[in-house]
Amino acid sequence: MLVLSRRAGEKVVIGDDVTITVIEVRGDVVRVGIDAPRSVQVHRWELLEELSRTNRQAASPGDDAVDSLREALRAREE
Amino acid sequence: MTVTARPASPARIRVPRLGRNHEVMTDTSDIPVIEFVRPMPGFPDSHRFALVQVDESGLLSTLRSLDEPDVSFVVVPPAGFFPDYAPAVDDVTAAELGITRAEDVLLLVVLNVGGSLDDTTANLLAPILVTHDRRACQVVLDDGAHPVDAPLVA
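Taken in sequence, the protein lines are chains S and L. Numbering of the first sequence is given in the working numbering, commencing with residue 1 and proceeding in unit increments. Numbering of the second sequence is given in the working numbering, commencing with residue 1001 and proceeding in unit increments.
Keep in mind the hints are simulated off the structure, nothing from the lab. Warning: the hint list may mix true and false statements.
[Claimed, not checked] If you anchor each label on the Cβ, the simulated ranges turn out as follows:
1) S:Val40 - L:Thr1100: 18 to 24 Å
2) S:Glu24 - L:Asp1070: 44 to 50 Å
3) L:Leu1066 - S:Ala8: 45 to 51 Å
4) L:Val1037 - S:Asp16: 20 to 26 Å
5) L:Glu1056 - S:Val13: 54 to 60 Å
6) S:Val13 - L:Asp1091: 20 to 26 Å
7) L:Asp1091 - S:Val18: 16 to 22 Å
8) S:Ser5 - L:Val1037: 35 to 41 Å
[Stated by the list, open to error] Calculated from the model, a selection of chain L residues having no Cβ within reach of chain S, i.e. all distances over 12 Å:
9) Glu1035
10) His1047
11) Arg1048
12) Phe1082
13) Asp1084
14) Tyr1085
15) Ala1086
16) Gly1098
17) Ile1099
18) Thr1100
19) Arg1101
20) Glu1103
21) Thr1131
22) His1132
23) Arg1135
Quick reminder that beta carbons are idealized off the backbone N, C-alpha and C, glycines included.
Working from the sequences, and respecting the hints, build out all of it.
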């Protein structure tokens, strides 16, 4: 991993069209601004991690579980 | 663009129904194959899925990975459970999927099937959009307003 020290107001450029600006450092919080083409997805790491975890948890439920869910939903509609 | 849950009409994309023994899929020729333009987070190797209806009412379907046969998801159109759910889809994703109108997509949410109906939750943070020409994307709604584990029934 490349590690750089930057001060508030300084920037880092990634590739041709992504620029990250350190906007403010206050205590243990660093505010960064990210300039990137709209086609580049920018997300907080935690959010994608939470989504990955949720997807893995939801994946491949047992046939029994799916059957009982189907029955429960049917009973609910009646 | 805002995709409302209400007009999500599953009828626009015909989803075949399988019998009770839905784990047995022998003839897949008429099963619609959905191609994800970006893989679902957590499953980078699964790009193609079969969308199969598992109940008579057409409410419950499964997305079964064709790339990793052990991987499947239970999905539902959210309209019947979350009538006010209207995720806004960013322009880039809309362009990637080639959608211009909300009516052109099937909106689905992934269920985390619990031991009972009360324990079953829906992922409203990241709904799945499916287009007419069977391309799909799990969209991340990074607006802090949508939980990953909304109880399916209140």
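Range hint compliance [Cβ, Val13 (chain S) to Asp1091 (chain L), 20 to 26 Å]: holds (25 Å)
Consistency of the no-contact label for Arg1048 (chain L), given chain S and a CB cut of 12 Å: holds (16 Å)
Interface exclusion of Arg1135 (chain L) relative to chain S, criterion Cβ beyond 12 Å: The assertion about Arg1135 (chain L) holds, with a minimum of 16 Å to chain S.
Val1037 (chain L) and Ser5 (chain S) - C-beta distance against the hinted 35 to 41 Å: About 38 Å separates the Cβ atoms of Ser5 (chain S) and Val1037 (chain L), which means 35 to 41 Å holds.
Least C-beta distance between Ala1086 (chain L) and chain S, which was stated to exceed 12 Å: Non-interface label stands for Ala1086 (chain L): nearest chain S Cβ at 20 Å, farther than 12 Å.
Separation of Asp1084 (chain L) from chain S, once the least beta-carbon distance is taken, above 12 Å: Non-interface label stands for Asp1084 (chain L): nearest chain S Cβ at 19 Å, farther than 12 Å.
Range hint 44 to 50 Å (beta carbons of Glu24 (chain S) and Asp1070 (chain L)) holds or violated: This hint holds: roughly 47 Å between Cβ atoms.
Claimed clearance of chain S by His1047 (chain L), with the beta carbon kept past 12 Å: holds (14 Å)
Least C-beta distance between His1132 (chain L) and chain S, which was stated to exceed 12 Å: holds (23 Å)
Status of the given 54 to 60 Å range, CB of Val13 (chain S) versus CB of Glu1056 (chain L): Holds: the Cβ-Cβ distance is about 57 Å, inside 54 to 60 Å.
12 Å cut-off, C-beta based - Arg1101 (chain L) kept clear of every residue in chain S: holds (20 Å)
Distance rule for Thr1131 (chain L), whose beta carbon must clear each one in chain S by more than 12 Å: Its Cβ never comes within 12 Å of chain S, the nearest being 18 Å, so this holds.
Against the hints set out earlier in the document, no violation occurs for any number.
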